[in-house]
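When you get a sec, could you build the whole thing from the sequences and use the hints?
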Amino acid sequence: MSAFVDIHDVTHVYARAEDGLPAVQNLNLKVHEGEFAAIVGPSGCGKSTLMKLATGLQFPAEGTVVVDGRQVGAPVKLAGMAFQNPTMLPWRTTLDNILLPLEIVEPHRSRLRRHKAEYVAKAEGLLAQVGLKGQGHKFPWQLSGGMQQRASLCRALIHEPKLLMLDEPFGALDSFTREELWCVMRDLHAAQKVTIILVTHDLREAAFLSDRIFCMSARPGRIVAEREVEFPRPRDLEITYTPEFSALVHELRGHIAQARQAA
Amino acid sequence: MKTKSQLALAPWVFTVGFFALWEILCHVLKISSFILPAPSTILWAVWEYRNQLAYHAMHTLWMTLAGFGLAVGFGLLLGMVLGSSRLINAGTYPLLVGFNSIPKVAVVPILVFWFGVGWVPPVMTAFLISFFPIVVNVATGIATVEPEMEDVLRALGASKRDIVFKVGVPRAMPYFFGSLKVAITLAYVGSVIGEQNASNVGIGNLLTRASAAFEVPLVWAALVVLAVLGVIMYAITAYAERSMTGWAQRSQMAA
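Protein sequence lines correspond, in order, to chains W and H. So the first sequence is residues 1 to 263, counted in full-length UniProt numbering. So the second sequence is residues 1 to 255, counted in full-length UniProt numbering.
A few of these clues could be false.
Claimed, not checked - Cβ pair distances, simulated, as ranges:
no., chain 1, residue 1, chain 2, residue 2, range
1, W, Gly131, H, Phe99, 53 to 61 Å
2, W, Gly125, H, Phe99, 53 to 61 Å
3, H, Thr140, W, Gly131, 36 to 44 Å
4, H, Phe99, W, Leu21, 41 to 49 Å
5, H, Val105, W, Pro107, 55 to 63 Å
6, H, Gly246, W, Gly131, 24 to 32 Å
7, H, Val224, W, Glu18, 53 to 61 Å
8, W, Leu237, H, Phe74, 54 to 62 Å
9, H, Gly116, W, Glu18, 56 to 64 Å
10, W, Lys116, H, Thr140, 28 to 36 Å
11, W, His32, H, Ala238, 54 to 62 Å
12, W, Ala17, H, Gly91, 21 to 29 Å
To be verified - Derived SDA-like pairs (lysine to any residue); straight-line CA-CA distance at most 25 Å:
no., chain 1, residue 1, chain 2, residue 2
13, W, Lys116, H, Tyr234
14, W, Lys77, H, Phe165
15, H, Lys166, H, Leu76
16, H, Lys4, H, Tyr234
17, W, Lys122, H, Asp162
18, W, Lys162, H, Gly157
Derived by calculation from the structure, the hints in this document are not laboratory data. Note that the coordinates shown come from a computational prediction; the quantities given were computed from them, not determined experimentally. The beta-carbon is built from N, C-alpha and C at its ideal position, and this holds for glycine as well.
Now the structure itself:
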C-alpha cells in the first residue's frame, strides 16, 4: 500500500524566521489512505508547519511532499481544515458558513447556485451527524464553543475532502465536550473514509482516535517515534480506562518528555 | 427599568436645559445680540429667513452628499486595493498620509483655478476631505482577516480575490460603516468650506455674505441650520450602520 501523504526528508525554514532555525528538519512521515494519523509533540515543535506543508500552503525548502500521488506545488484543493479557533464568519448563518468551501472548490463552485437545495440537504445531513440537527439557521455566535467547533468540522467536510487536517480542534473545549467530540470525530471518520491528520497536545485524544501516532521533537521538528494503535474499531470511550490504553499514553508521554529534554 | 427611562430622557433634559440656560443668561446679563443672540432671537431669525435658508441648505446638502458619495465609492475601491496588497499599501501610505495632512481649505484656491467658481469646488472639497478615513478603515478591515480563515480558504484553492470578496470585504463592513459616520461629518465641513470660498450659493456662501454684512442673527440661524442638517446626516449613517452590520454589534458594550 502506497502512502497517501508522503513527507520525505523535508526541511523547512520560514523566510521570516529571525534566527534562521528551521521549523522542521529531515522530517519523514507516511500516512496511508483512509488512515487516522495523530501527531503529538511539545509545543512549538512545528506541528502547524507540518499542516501547512501537507496542504500546500507552504513549500519545503528541501525534500518532497507528495499527496495523493502528486508532488505538492500549490494548495492541494482536496483538503479540509479545522483549527482550535472555529473561525466561523459571524455575518453568515451556520449553514452558510458550512457551505462556504463549496463557493470556492470546483466543481461545486459552478454548480452551487443551480443545485442549492441538494447542497443544503447535504449540509443539514452533516449537521445532524455532529449533533446540530436544525441549528443551521442560527448565527455561529449564537452557538456555544463546542457547537461552533462541530460546525467547523462540518465546514471542513462539506466538499468531501480526501484529506482532513485538524490542528488541535478540541484544544479550547472542556473535557466533557472534548470527549463528546472525540466520538463525533470517530463516527465521521468511520462514515466518510477520509484520511485524517490530527495535530494535538492531548495524548489520550491521539490514542483514542488514531491508527498511527507520530511523536515530534522540539524545534527543529523531526519524527522521533512512530507508534501504531491497535485497539479494534469501533472504539468505545470505555477503552480509555483500560490498562492497555494507559500504558500507551504513558509510553507516548515518555517520548514527549525525552523530546522536551533534548531541546 | 428606572435607569433605562432615565437614560432615554437624559439627552432631552440636557438639551432643553442647555438652551434654557443660554436664554436666561442672555436676558439676565443683558448680552448684546451682536455678541451672542438668545436662542429665541436665533429661532425667530430662522423663521424670518426660512425660504433663503431652505434654498441654501438644500444646495449644501446636495454638495455634501455628492462629495460623500464620491468618497464612499473611491474610498471603498482604494481601501480594497490597499487592504489586499501589502506592497501597494506600504508604497502609497506616505503619499496618502501626506495628502491627508494638507488642510483642505488650502486646496480650494487650486480647485477654483481648475474648475472656476460653482458647484465643483464644494463637491471636490467634500470628497477630498472625507475619503481618507474610509480608505484607512476598509483597508484595515481587509488586512486583518484571521490567518486561519485564510488558510482554510487557500487550502481549498481560493484565489486572493476570493478571499478578499468572501471574507475581507464583509469583515471590513463594520469598519466601513464606522468610518462613514466620520466621513459624513467631514464631507459636510468640506462642502461648507468650498461654498464659503468658491460658490455663489449654499449655507457656506450665505454665512460669508451674512457675516460681511454684520447680519448676526442670520449668521447664527445659518449655524443652527448647519447643526440640524449635520445631526440628521449623522443619524442616517448611524442607522445604516446598525441595520447593515447587526452581527458585529452583539457585545454587551454596544448594547
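Checklist entry - Does H/Tyr234 lie within 25 Å of W/Lys116 when you go C-alpha to C-alpha? => result violated, 40 Å
Checklist entry - Is 28 to 36 Å right for how far apart the beta carbons of W/Lys116 and H/Thr140 are? => result holds, 34 Å
Item to check | Distance restraint evaluation - W/His32, H/Ala238, Cβ atoms, bounds 54 to 62 Å | outcome: holds, 58 Å
Checklist entry - Does the Cβ distance between H/Gly246 and W/Gly131 fall inside 24 to 32 Å? => result With a Cβ separation near 28 Å, H/Gly246 and W/Gly131 satisfy 24 to 32 Å, so the hint holds.
Item to check | Range hint 54 to 62 Å (beta carbons of W/Leu237 and H/Phe74) holds or violated | outcome: holds, 59 Å
Checklist entry - Are the Cα positions of W/Lys122 and H/Asp162 separated by 25 Å at most? => result holds, 23 Å
Checklist entry - CB of H/Val224 to CB of W/Glu18, is that within 53 to 61 Å? => result The hint (53 to 61 Å, Cβ to Cβ) holds, given that H/Val224 and W/Glu18 are roughly 60 Å apart.
Item to check | Satisfaction of hint between H/Gly157 and W/Lys162, Cα-Cα up to 25 Å | outcome: holds, 14 Å
Next on the checklist: Next pair to validate is H/Lys166 with H/Leu76; report whether the Cα-Cα distance is within 25 Å.
Outcome noted: holds, 15 Å
Checklist entry - Can the restraint linking W/Lys77 and H/Phe165 be considered satisfied, given a maximum Cα separation of 25 Å? => result holds, 19 Å
Next on the checklist: Quick check: does the Cβ-Cβ distance between H/Phe99 and W/Leu21 fall within 41 to 49 Å?
Outcome noted: holds, 43 Å
Next on the checklist: Is 53 to 61 Å respected by the C-beta to C-beta distance linking W/Gly125 and H/Phe99?
Outcome noted: Given range 53 to 61 Å: holds, Cβ gap about 54 Å.
Hint 13 from the earlier list is the only one contradicted by this structure; the remaining hints agree with it.
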